[in-house]
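Colleague: Now for the letters of each chain:
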Amino acid sequence: MKKDLNKSAGIKLFISRVVVYGILIFLSFLCLFFFYLMFVNASRSNAQLQAGFTLIPGGNALKNFVNAWHDTNISIPIGMKNSFIVASLSAILTSYFSALTAYGTYVYDFRFKKVIHLFILAIMMIPSQVSAVGFIQLAFKYHLTNKLWMLIIPSIAAPSVYFYMRQYLEATLPLEMVEAARIDGSNEFKIFNQIVLPIMKPAIAVQMIFSFVGSWNNYFMPALLLNDIQKKTVPVMIATLRSADFTKFDMGKVYMLMVMAILPVMVIYVILSKSIIKGVTSGSVKG
Amino acid sequence: MDKTLKSSERKSISYAKWGYIFIIPFFIVYAIFTLYPQILTIYNSFFEYYRDGLNIIGPNFVGLGNYVKLFTPNLSGYIPIVKYTINTVILWFMGAVPQFIIAMLLALFFTSTRLNIKGQQFFKTVIYMPNLIMASAFSMLFFAMFSMVGPVNQIILSSGWADQPIDFLAMKITVRSLIALMNFLMWFGNTTILLMAGIQGIDESLFESARLDGSSSTQVFFHITMPLLMPIFIYVFITSMIGGIQMFDVPQVLTNGIGTPNNTSMTLIMYLNTFLGISKNYGMAGAVSVLLFIITAILSIFVFKTIRKK
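Here the protein sequences come in this chain order: B and P.
Quick note: the first sequence uses this note's numbering, first residue 1, plus one each step.
Quick note: the second sequence uses this note's numbering, first residue 1001, plus one each step.
It is worth saying that the hints were derived from the structure and are not from the lab.
There could be a bad hint or two in this list.
Lysine to any residue pairs mimicking SDA-like chemistry, simulated, CA-CA at most 25 Å apart [said to hold, decoys possible]:
#, chain 1, residue 1, chain 2, residue 2
1, B, Lys63, B, Val40
2, B, Lys141, P, Asp1052
3, B, Lys114, P, Asp1052
4, B, Lys274, B, Val178
5, B, Lys114, P, Phe1047
6, B, Lys147, P, Leu1035
Here are the in silico distance ranges between beta carbons for each label pair [claimed, not checked]:
#, chain 1, residue 1, chain 2, residue 2, range
7, P, Phe1122, B, Gly185, 15 to 23 Å
8, P, Gly1058, B, Lys248, 39 to 47 Å
9, P, Gly1058, B, Leu175, 52 to 60 Å
10, B, Ile183, P, Lys1118, 35 to 43 Å
The beta carbon of each residue, even a glycine, is placed where N, CA and C say it ideally should be.
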């Protein structure tokens, strides 16, 4: 009797495992399928693409790449360069200054410390689009459109990154360490740069990745701010593909352009997926 | 005693200034690039201020005129802002319902000691990936796939499911479904990981004792997992809602900014974006932004309440 029960429980477990793995494999397939098709299509010529659908890569990848790279309407190399400048500088500034601000409100005692901390938390939820109208108005008024630094400098004030850094400091930085460094005669800047920053390396790395990706993918503000082809970032260029007359395009080239837009982030993700996934949970509020 | 008091006194006086020095860059940048533009946005909302051809009209003070205009029915007989808010909520909801159901299931699968799922790292890596993909390129990819000459229609035609290609971008239901599908794909992995962390944060001994009491897994779910997960679930749900209200890239690129068909996939931010284009209608754009601000502020208060409870 008992044995039978065990056996039926075993069968039940086996069946539920099969179902669960089935669901997981199906969802993974769904997540990968469209990107796989994008890579396949990017390797096929326009004629092949018109002729029909296949899951087998064609031999036209290099030619599509050369065509995409030299397309004068899109100028993807310029876009990638601009995006790279904006994304990497934003990533550096946002993580450094958020760490600095978090350190400032954590280690030092000053009058408005609590108020300031609460203020930053309160503004965290305000959507960036709310400041967009005024931002665009000022940009046009002072002729600051098509300036990449207009997309880079604002990243110094990033409330959510501050919040993350502050939590990380609370969890990892013993205040005695700062005291000890002071006794050794280090000045405050030196303490931050040479002792605290190295401790914060993991947090800074995670935030740099997320910031880089976020800014690489950012579309709303760059689209409003950049209209000079020499200054456009990748998402803005990709969106112009959509507004052009679609049927006239060499589709192989179009797919290749999408690959070029997506691939840098995919490469980063493949290399760093473990720490990125860890970062997803540590950034949010812990229960 | 006297000496230590003195030294700590001196410390708090001499180090306080460093606190200010370290936080000053943040606040200067915030004031110039965010706060001042925000105030300007609100200020603009009370003025008639736009571009008409080469002429700039205004700024003329109109009080609540822009808000009245915002809630006035247009020539087609509907109030744009109301319609677009409803669109945004529908589009978010269509993606969020499967997103939360699937994410909840996956989170339970991954944390189940009974199932003991292998290859978790791989599955998590794959399902989280779409979250990092450039939304505008992802949307462009879907447009190419589902266009009249795209691979999906090629499959449909060659397999004989239809005699003519289906115009996915001309029908309300298909456009909305595509947007929801993309949002679902982009967000369910993220939600899974967050809910999973929530479940893992629940005291293991509670599950242990429930098992010893002979509770079924359904009972455990409804009486232990769900009630204890609730604060985190609500937090994730409302942040998803706040994100949903800001939905832009995907429908913008998929419908080329016009929310086809008949503005049924036009979202709030797309509407805001139309005012910031050539017309530079800072007045109306300001009014839309203020409304957006109010909606997110209300939602954020809920978020803070759930955090506080914890």
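Colleague: None of the hints should be skipped; say for each whether it holds.
Modeller: Comparing the hints with the structure gives:
1. B/Lys63 to B/Val40: holds, 14 Å
2. B/Lys141 to P/Asp1052: Measuring from Cα to Cα gives roughly 17 Å; hence the hint holds.
3. B/Lys114 to P/Asp1052: violated, 48 Å
4. B/Lys274 to B/Val178: Violated. B/Lys274 to B/Val178 sits at ~31 Å, over the 25 Å cutoff.
5. B/Lys114 to P/Phe1047: Violated. B/Lys114 to P/Phe1047 sits at ~37 Å, over the 25 Å cutoff.
6. B/Lys147 to P/Leu1035: holds, 20 Å
7. P/Phe1122 to B/Gly185: 15 to 23 Å: This hint is violated: roughly 51 Å between Cβ atoms.
8. P/Gly1058 to B/Lys248: 39 to 47 Å: Given a distance of about 41 Å, which is inside 39 to 47 Å, the answer is holds.
9. P/Gly1058 to B/Leu175: 52 to 60 Å: holds, 55 Å
10. B/Ile183 to P/Lys1118: 35 to 43 Å: violated, 52 Å
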